[in-house]
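**Q** Whenever a hint applies, use it, and build me the whole structure from the sequences.
Chains as they are written, first to last, in the numbering used here: chain A, 1 to 226; chain B, 1 to 366.
Hint data in this document are derived by calculation from the structure and do not stem from the laboratory.
Here the structure is a predicted model, which is why all the values come from computation and not from measurement.
Just to be clear, a hint being listed does not mean it is correct.
Unchecked claim - Here are the simulated lysine-lysine pairs, BS3-like style, with alpha carbons at most 30 Å apart:
1. A:Lys-141 <-> B:Lys-11
2. A:Lys-65 <-> A:Lys-34
3. B:Lys-282 <-> A:Lys-86
4. B:Lys-11 <-> A:Lys-86
5. A:Lys-95 <-> A:Lys-181
6. A:Lys-120 <-> B:Lys-11
7. A:Lys-120 <-> A:Lys-86
Single-letter residue listing:
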Amino acid sequence: MNSDIIQIRDLCKTYRVGKVDVPALRGVDLDVQKGTFLSIIGPSGSGKSTLFHIIGGLTPPTSGKVIVGGTDLSAMTDAARTRMRKRTVGFVFQKFNLLPNLTARDNIAVARYIGGTDAKPEPEFEEVLRLLGIGDRLDHKPNALSGGEQQRVAIARAIVNHPAILLADEPTGNLDTENSKAVLEVLRDLNRRLGQTILMITHNPEAAAYGDSTVQMRDGRITERT
Amino acid sequence: MTGKLVLENLKHRPMRSLLSILLIGVPVTLILCLVGLSHGFIEDSQKRARGVGADIMIRPKSSSMLSLGYTMPIALVDYFRKQPHVKIATGVLNATVEGVTLGASGVDLKEFDAMSGGFVLKSGGPFQGPDDAIIDEYFADQKNYHAGNRIRMLNSDWRVSGVMESGKLSHIVLPLDSLQVKTGNTGKVSQIYLKLDDPANTRATKEYLEKLPALEGYPIYALEDYTSALNVNNIPALKGFTIVIMGIGVVIGFAVVCLSMYMSVLQRTREIGILKSLGGSKGFILGIIMTEAFVLGIGGTILGIVMSYGAYWLIHTLVPASLPMVIVYEWWYIAGAITVVGALLGALYPGLIAAAHDPIEALSYE
Ligand SMILES: Nc1ncnc2c1ncn2[C@@H]1O[C@H](COP(=O)(O)OP(=O)(O)OP(=O)(O)O)[C@@H](O)[C@H]1O
Ligand SMILES: [Mg+2]
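**A** Laid out in structure tokens, this is it:
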């Protein structure tokens, strides 16, 4: 039980849009062990991204308990959640979200700087970059990189501070089959070789199969875990 | 790293950056030109006043240091000649030629030469007739006049008898008698200069003259006091004007940066969301925006200084006699500080907006 890096109990999240309450999560229970590669699937609007935003500390839960890496997020202030994002989680998005004005190397360096170390990444990180296959593309800006390369730079940026959890929200959603495969293999390698805990949202069952197990969401709840 | 984010962003939108810098630079140039002109005018006046070679100056009754248009009878010159320690006394009549900054002086050339050591003529010679004028090289350059030219000023025709080195009394020197007649001031002068047997007697002589009942109400200045009292702070209108221009500088810097950074923050909403998702704090985001404003402010200051040299060159080439401008280095810092403060204030609102962005909304921003 103690090796659960994520423990979620009865998590609810309601967005308020004008005067209307939009329930995005309606009682989610989820435990994730350290070192797991978990896939999350479910129809559009079922609350997958919202779950990630809460685990990643981008928004607070409305109610319920969310313990990530031993700390309870529900009691955290805005500033504390900001601090937690520096080192506990790394995000990878469908739209890559690299800073367009900076080279790949500087995109990674910004994460490192915000994470609190201005120094170059450890020598082992070179190994990670090789694994990602972007070692020779680092001095290019995002618009000179293919989608697959951009996403691999985004992955490098997400893990450069050794986060406990990597949250990938449809990382292959904007990629063709070949690039999707490359990114998924990179994620599996990171999980297998470095023991990186990964949660990945996907619409594609083939992509979901890269994970150790799969969670199905529907209407703000987890309906099935395999 | 903040520096890199800022520089890359400025480089990424060169048009916006350059326009902002240009707009911030214009008021800097305005401030520097205004200050340069007022200092130049004062320095030029001081130099010309010292060039007279007098120890004491007397101005007409109830006039003040800089007031124009007051006159006194020329007969007073003889009265002063009789006073102890006075070696030479001479009267000068002033007339404005173009605005307040360019004037002509009517002199008794013999007396004036004795007092000042004479005008240093670059070409031509002294007055030969009543309609002769000696002009200085600045005025000659400005108007492209040469010795021998016939010129028109003060509603009369004059012949340039000589061109002199600048720095004595006035840019334009005319025979006293003619100027008196042509300006309807027959028998009158605007100031009287005294040269003493020994400059060491200046104080005592001034005090002595001030006590004479006949001279009651006449301002009497030691020339050294007069020149050192000629400074920018003693001209209230100029001081007020400078403050107004400085205020305009702050407001323009503020508005330009506010607008430019506000647009930039809107355009960069998504990037701000990315930085926040990486754990960038409010302070970090605000810091980036403020740093960018700081860089724009410094850039504007530097461009403003460069442009003030352009204005300096133009003024010296086109109107050296009317507008004696100098470069006042201390004001680089003052103008820079004013501009940077305006820029930082302008960046505050957009910076706070950026810092307060909700990361999820910012990330979904198209
Ligand atoms: N910031 C928000 N404000 C208001 N409502 C929101 C917000 N974010 C999500 N929602 C709502 O919450 C519900 C869940 O959205 P969420 O984005 O988590 O779904 P999802 O499973 O990620 O969908 P998709 O597969 O389309 O990405 C939706 O009804 C959505 O409209
Ligand atoms: Mg989603």
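**Q** Run every hint past the structure and note whether it holds.
**A** Hints and how they fare:
1. For the hint pairing Lys-141 (chain A) with Lys-11 (chain B), the CA-to-CA distance comes to about 13 Å; that is within 30 Å, so the pair holds.
2. A threshold of 30 Å between alpha carbons decides the hint, and for Lys-65 (chain A) with Lys-34 (chain A) the separation of about 18 Å falls inside it, so the pair holds.
3. Simply put, Lys-282 (chain B) and Lys-86 (chain A) have alpha-carbon atoms about 13 Å apart, close enough for the 30 Å limit, and the pair holds.
4. Distance check on the hinted pair: Lys-11 (chain B) and Lys-86 (chain A) sit about 27 Å apart at the alpha-carbon level, within 30 Å; holds.
5. Proposed proximity of Lys-95 (chain A) and Lys-181 (chain A) is supported: the alpha carbons are some 17 Å apart, at most 30 Å.
6. Simply put, Lys-120 (chain A) and Lys-11 (chain B) have alpha-carbon atoms about 24 Å apart, close enough for the 30 Å limit, and the pair holds.
7. Taken as a hint, the Lys-120 (chain A) and Lys-86 (chain A) pair is honoured in the structure, with Cα atoms around 16 Å apart against an allowance of 30 Å.
Comparing the model with each numbered hint stated earlier shows that all of them hold.
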